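Protein chains: 2
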Amino acid sequence: MDRRSLIKHAGIAGVLAAGAAPAVHAQATIRWRLASSFPKALDTIFGAADVFTKKVNEMSGGKFSISVHPGGELMPAFGVVDGVQQGTVEVAHTCPYYYFGKDDTFAMGTAIPFGLNSRQLTAWYYDGNGLKLFREFYDQYNIVNFPGGNTGAQMGGWYRKEIKGIADIKGMKMRIGGFAGKVLTRMGGVPQNIPGGEIYQALEKGTIDATEWIGPYDDEKLGFYKVAKNYYYPGWWEGGAQVDFYVNKAAYNALSSEYKAIVECAASHAHTTMQAMYDARNPAALKRLVAGGAKVQAFPKSVMDAAFKESMALYSELSASNPNWKKIYTDYSNFRKDQNLWFRFTEAQFDRYMQSAKL
Amino acid sequence: MDRRSLIKHAGIAGVLAAGAAPAVHAQATIRWRLASSFPKALDTIFGAADVFTKKVNEMSGGKFSISVHPGGELMPAFGVVDGVQQGTVEVAHTCPYYYFGKDDTFAMGTAIPFGLNSRQLTAWYYDGNGLKLFREFYDQYNIVNFPGGNTGAQMGGWYRKEIKGIADIKGMKMRIGGFAGKVLTRMGGVPQNIPGGEIYQALEKGTIDATEWIGPYDDEKLGFYKVAKNYYYPGWWEGGAQVDFYVNKAAYNALSSEYKAIVECAASHAHTTMQAMYDARNPAALKRLVAGGAKVQAFPKSVMDAAFKESMALYSELSASNPNWKKIYTDYSNFRKDQNLWFRFTEAQFDRYMQSAKL
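Residue numbers (the working numbering), protein chains in the order written: chain A, 1 to 359; chain B, 1 to 359.
If you are wondering where the hints come from, they were derived from the structure by calculation, not from laboratory data.
There's no promise every hint is true.
Since the list gives no way to pick one copy over another, a pair counts as held whenever it fits inside one copy or between any two copies.
To be verified - Subject to a maximum C-alpha distance of 30 Å in a straight line, what follows is the list of computed BS3-like cross-link-like pairs (lysine-lysine): (1) 301 x 260; (2) 249 x 358; (3) 226 x 301; (4) 173 x 260; (5) 221 x 54; (6) 337 x 226; (7) 170 x 205; (8) 260 x 63; (9) 326 x 132.
Bear in mind that the values here come from a model prediction, so they are computed numbers and not experimental data.
Put together the whole structure using the sequences plus the hints.
Laid out in structure tokens, this is it:
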């Protein structure tokens with residue numbers, strides 16, 4: 001090699017070295033859009049999408065950026081699953097159970113009446129068969145899912161009148177999430193589908209007798225305690241409601257292995273911190289609600305028992321008619337049985353002692 | 001520009017383009033060592049360090065790699081905090097409460113008797129003041145910490161004789177973790193410090209009367225049920241024991257913002273999945289232990305009350321003598337009070353119903 005060639009090659013080596021400097025990024029630039037099913041006002045749930053996209057952005061040095069769009073901005077709040085399936089957006093942040101109309105199996109992805117609690121559901125997803133089974137199920141919808149938050153056990157809602165027994169459920173008009181409405185119907189109640197913004201007025205006027213929403217932190221914002229003081233627990237239809245990130249399969253598969261892992265871990269961070277937000281913020285909200293006149297009461301056992309019986313009967317029927325449901329529910333219900341066998345000992349006893357202790 | 005120059009520049013452009021291909025990475029290559037306090041046999045806890053390093057490696061495309069070393073390999077299992085402080089290793093995976101001898105404040109980082117449960121502790125770290133307060137506290141030790149797993153509420157251990165009241169605690173020799181030993185001593189018990197590998201023999205021979213370890217999944221491996229059948233709950237000194245990743249401050253500060261976020265989210269993923277592993281795996285282990293003869297029993301209320309009273313008295317003394325303790329415990333205990341106020345309603349009632357339901 002002559003001197004001239006040497007210099008030329010040295011120049012190229014210098015360029016290559018410069019190419020390895022932090023200013024130039026190896027990974028492709030990615031721009032995604034995330035459609036949330038939630039309004040910005042639900043800062044805990046909607047906020048989990050912000051946490052997710054912020055972390056993806058940070059971990060990729062700004063090369064992989066995802067814009068977040070509240071429910072209704074790009075598409076209807078409950079249209080986001082179709083948006084992801086069709087690739088209109090690359091990712092959605094939503095509750096799987098909104099889509100039980102497509103297949104009741106979706107409901108198990110968030111919460112079913114008398115289902116797993118928050119920790120148990122996370123355990124089923126990550127160390128049981130939950131994620132594997134749901135990835136298989138969602139494949140037909142072009143979705144790759146990631147757990148993306150949990151609300152914890154929700155409250156049982158706001159009632160204009162006290163619930164003293166199953167007779168008070170008969171004919172009761174209640175705004176309640178879709179799948180749980182099936183159980184309420186079987187109990188003699190009348191589920192109502194009312195947009196979030198119209199619930200307060202309907203409850204005030206008596207167009208509906210009751211409504212459920214989430215828990216103290218979110219419920220407080222909607223002011224239901226002013227028009228229906230009876231605040232019941234537990235929300236037996238949502239013992240731990242999970243939100244998912246739904247990623248379009250083709251968009252996901254096109255990612256580098258680095259970005260795939262970044263999506264996974266950013267989702268885990270959002271999953272952990274959303275539950276933390278609810279747990280940390282609910283207590284003060286509950287105190288304010290009680291100070292505002294909310295009367296916190298437990299559902300009578302007869303109501304819980306009727307709801308449990310109807311839920312189990314519904315699950316039997318679904319297992320007989322829907323192979324997707326049967327496959328996942330068989331695993332889910334076995335897991336649930338074991339979880340409750342174990343949690344009743346040290347977890348429950350520790351918590352019970354702490355809850356009655358003079359702290 | 002003449003044709004020759006054009007060709008030359010095109011060549012350089014080509015090289016630059018090649019430099020942007022996935023094979024060349026912009027981020028600096030980082031090699032860290034992680035010292036775990038745990039043996040490989042504790043696959044759930046030790047495994048969380050593997051999860052963490054695997055995800056850091058994946059997210060960085062192999063540019064940021066961390067080797068994992070079990071307890072004793074690079075330094076003594078409980079010497080890892082000094083290793084991180086001095087920069088001998090860049091990261092440790094350990095339980096803060098091992099270091100209560102340096103300052104009792106460390107104990108709150110994992111678990112203190114009658115403390116927060118797993119979800120509550122995570123909530124305090126991520127949405128309360130926990131992480132902020134501990135980052136300030138650890139700064140003097142050159143540590144930046146990240147929650148890195150939780151065991152959930154542990155069991156209360158294995159006892160050769162039944163515990164019917166506080167009289168059975170007096171003089172009882174028990175292998176128990178350090179900080180909790182302070183409370184046991186105040187109750188009249190005699191805490192023993194015995195390496196993990198020697199506990200079984202000491203328990204078999206009667207050199208000790210009891211031992212605590214973790215929960216069914218880990219306890220089963222050590223076989224204690226063969227020599228001390230009474231398996232008590234709850235482990236009131238560990239209602240949710242957290243493991244942390246301790247990162248050397250200088251090493252952390254030298255990371256790019258991308259790698260800092262990658263460390264944070266990989267830790268969150270490990271935090272979430274470690275709790276999931278324990279929750280998913282404990283039930284089957286408990287069933288096997290019971291089949292093997294373990295007698296699962298609740299501590300009498302008198303024992304719980306004595307332990308609670310002594311714990312609160314200890315915390316008062318520490319608050320009076322240790323400003324670090326006082327600062328963090330004041331926040332921690334207020335948070336704990338609110339958490340238990342809230343959790344007693346819908347979370348506890350939902351769980352209680354499920355635990356008594358015919359599933």
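Up to 30 Å between alpha-carbons, please classify residue 173 paired with residue 260: within, between, both or neither. For residue 173 and residue 260, neither the intra-copy (45 Å) nor the inter-copy (51 Å) Cα distance is at most 30 Å.
Is it within a copy, between copies, both, or neither that the alpha carbon of residue 170 lies no farther than 30 Å from that of residue 205? within (20 Å within a copy, 65 Å between copies)
Should residue 326 paired with residue 132 be assigned to within, between, both, or neither, using CA atoms and 30 Å as the limit? The answer is within: 15 Å in one copy meets 30 Å, while 46 Å across copies does not.
If the cutoff is 30 Å on CA atoms, where do residue 301 and residue 260 land: within, between, both or neither? Let me know, please. neither (47 Å within a copy, 50 Å between copies)
Go through the copies and call it for residue 249 and residue 358: within, between, both or neither, with a Cα cutoff of 30 Å. For residue 249 and residue 358, the Cα distance exceeds 30 Å both inside one copy (52 Å) and across copies (39 Å).
For residue 337 vs residue 226, is the C-alpha pair at or below 30 Å within one copy, between two copies, both, or neither? Result: close only across copies, 27 Å inter versus 39 Å intra.
Is it within, between, both or neither when you check residue 260 against residue 63 at 30 Å Cα-Cα? both (14 Å within a copy, 16 Å between copies)
For residue 226 and residue 301, with the copy left unspecified, which applies at a CA distance of at most 30 Å: within, between, both, or neither? Intra 27 Å, inter 41 Å, cutoff 30 Å: intra-copy only.
Intra- versus inter-subunit Cα pairing at 30 Å for residue 221 with residue 54: Result: close within a single copy only, 26 Å intra versus 42 Å inter.
Checked against the numbered hints given earlier, the structure breaks hints 1, 2, 4 and satisfies all the rest.
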